[in-house]
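Using the sequences and the hints given, assemble the complete structure.
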Amino acid sequence: MTNDRSRGAALAAPTADAEPPPREAWYDRLLSVFHLRPRDSLRAGIEEALAEPDTGEDAFSPLERAMLKNVLGLHKVRVDDVMLPRADIVAVAVETSLGDLLKLFRTAGHSRLPVYGETLDDPRGMVHIRDFVEYLAAKAEAAPRRASPQAAAHATAGAPDAAAEAKPAPRPRRQPTARALRGLDLGKVDLSATLASTRIQRPVLFVPPSMPAIDLLVRMQATRTHMALVIDEYGGTDGLISIEDLIEMVVGDIEDEHDVAEGRLVLRLEGESEAFVADARAGLAEVAETTGVDLVAAVGEMAEEIDTIGGLIVTLAGRVPSRGEVIAGPGDIEFEVLDADPRRVKRIKLQRTPAKIGTVVPLALPPPRSAVPDGPQAAESGH
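Every letter in the sequence shown is one number past the one before it in UniProt numbering, and letter 116, counting from 1, is 116.
Fair warning: there could be bad hints in the mix.
As the list claims (entries may be wrong) - Computed list of lysine-lysine pairs in DSBU-like fashion (alpha-carbon distance at most 30 Å, straight line):
(1) Lys103 with Lys346
(2) Lys139 with Lys188
(3) Lys188 with Lys103
(4) Lys139 with Lys103
As the list claims (entries may be wrong) - Quick list of simulated restraints, FRET-style, between CB atoms:
(5) Pro209 with Asp54: 36 to 42 Å
(6) Gly292 with Leu191: 49 to 55 Å
(7) Gly73 with Gln221: 15 to 21 Å
(8) Arg78 with Glu118: 27 to 33 Å
(9) Gly292 with Glu47: 33 to 39 Å
Derived from the structure by calculation, the hints contain no laboratory data. Note that the structure is predicted; figures quoted are calculated from it, not measured. Even for Gly, the Cβ is constructed at its ideal location relative to N, Cα and C.
Structure follows, in structure tokens:
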């Protein structure tokens with residue numbers, strides 16, 4: 001019998017003529033497909049191969065190429081690149097009545113809603129529509145009817161022998177659907193009860209904005225929790241991310257039966273050739289494509305910080321403007337705020353002169369806050 005010490009010595013001192021372990025077949029095939037040498041970086045080689053045109057029966061389709069590129073770039077994506085911003089989160093307070101929760105599920109179009117206490121910075125978990133429906137069905141389920149003691153005594157009185165000898169008549173079969181309909185009485189559900197009283201909330205994950213998206217996907221799979229709240233360094237809720245958001249980074253947008261196709265975010269006003277209405281979330285490139293004014297070039301070095309037309313207007317104003325305000329833009333362009341709340345701009349009207357079509361306009365951004373002199377004007381602009 002060979003002891004462990006002799007076995008370890010044999011493993012630690014291989015003979016000179018020992019052959020190296022054979023390379024795995026799948027790895028060799030992968031290298032041959034992408035024309036790689038063993039010492040090449042596999043990621044770099046695949047990216048190179050995808051960039052080159054490929055023909056033949058075994059060539060990748062455009063969809064396969066796009067998905068492979070998305071997979072290769074997944075390690076660079078952070079949670080804050082994918083999350084839904086705080087301003088767009090549809091959430092429900094823990095003291096919301098069941099009737100209001102039912103209405104919210106109907107209009108929100110989501111199967112999961114985050115639950116909070118006083119504000120979004122006090123998260124309590126999430127509520128799933130399946131758990132909610134299960135709760136309603138359990139409360140509405142009617143108890144089986146039982147014969148009263150008086151009726152039972154009356155039926156057996158006066159003929160005990162006959163009752164003992166008589167065989168029960170076979171019950172007629174009922175359709176399962178009819179039984180289910182008779183078994184639910186939605187009038188028994190107290191829709192004024194609060195969500196907190198139902199105890200159907202589920203936990204959510206809490207993640208930092210800098211967390212790699214691929215790590216969050218693995219964590220969601222391991223915990224079977226498909227919603228996460230993004231928490232900033234001060235403990236506040238910064239955004240929300242679902243497992244669907246992570247999967248869409250690879251396969252593209254996933255639209256189910258209830259998703260409504262979203263139209264263009266920038267539209268030309270009828271009867272006004274030089275006026276447009278834009279959603280504040282519209283990117284500067286989309287605005288330029290529709291209006292003909294290259295706002296991307298106008299932003300210049302701040303292009304990395306300003307992505308949307310709403311962000312541009314807030315930067316120009318130095319604050320979140322109110323509804324009805326007119327903000328002077330680059331050149332002869334004017335922005336009128338059509339809809340806004342204290343946190344963000346929602347809808348904008350853009351007007352410009354025909355002379356500016358297709359031109360690049362300089363953008364006069366406000367000076368940094370440190371460069372603004374102290375005094376009444378500075379205090380007023382800060383307000």
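Here is how each hint holds up against the structure:
1. With a C-alpha separation of about 24 Å, the suggested pairing of lysine 103 with lysine 346 holds against the 30 Å cut-off.
2. Of the pairs offered as hints, the one joining lysine 139 and lysine 188 holds, with about 7 Å between alpha carbons and a cut-off of 30 Å not exceeded.
3. Annotation: proposed proximity of lysine 188 to lysine 103 holds, straight-line Cα distance about 18 Å (limit 30 Å).
4. Of the supplied pair hints, the one linking lysine 139 and lysine 103 holds, its CA atoms being roughly 18 Å apart against a limit of 30 Å.
5. Between proline 209 and aspartate 54 the Cβ separation comes to about 37 Å, which falls inside the hinted range of 36 to 42 Å.
6. Between glycine 292 and leucine 191 the CB atoms are about 53 Å apart, so this pair conforms to the stated range of 49 to 55 Å.
7. Take glycine 73 and glutamine 221: their Cβ atoms lie about 20 Å apart, and the range 15 to 21 Å holds.
8. Evaluation of the 27 to 33 Å hint for arginine 78 and glutamate 118 yields a pass: the beta carbon distance comes to about 29 Å.
9. At about 35 Å, the beta-carbon gap between glycine 292 and glutamate 47 stays in the expected band of 33 to 39 Å.
Consistency with the previously given hints is maintained throughout, with no hint failing.
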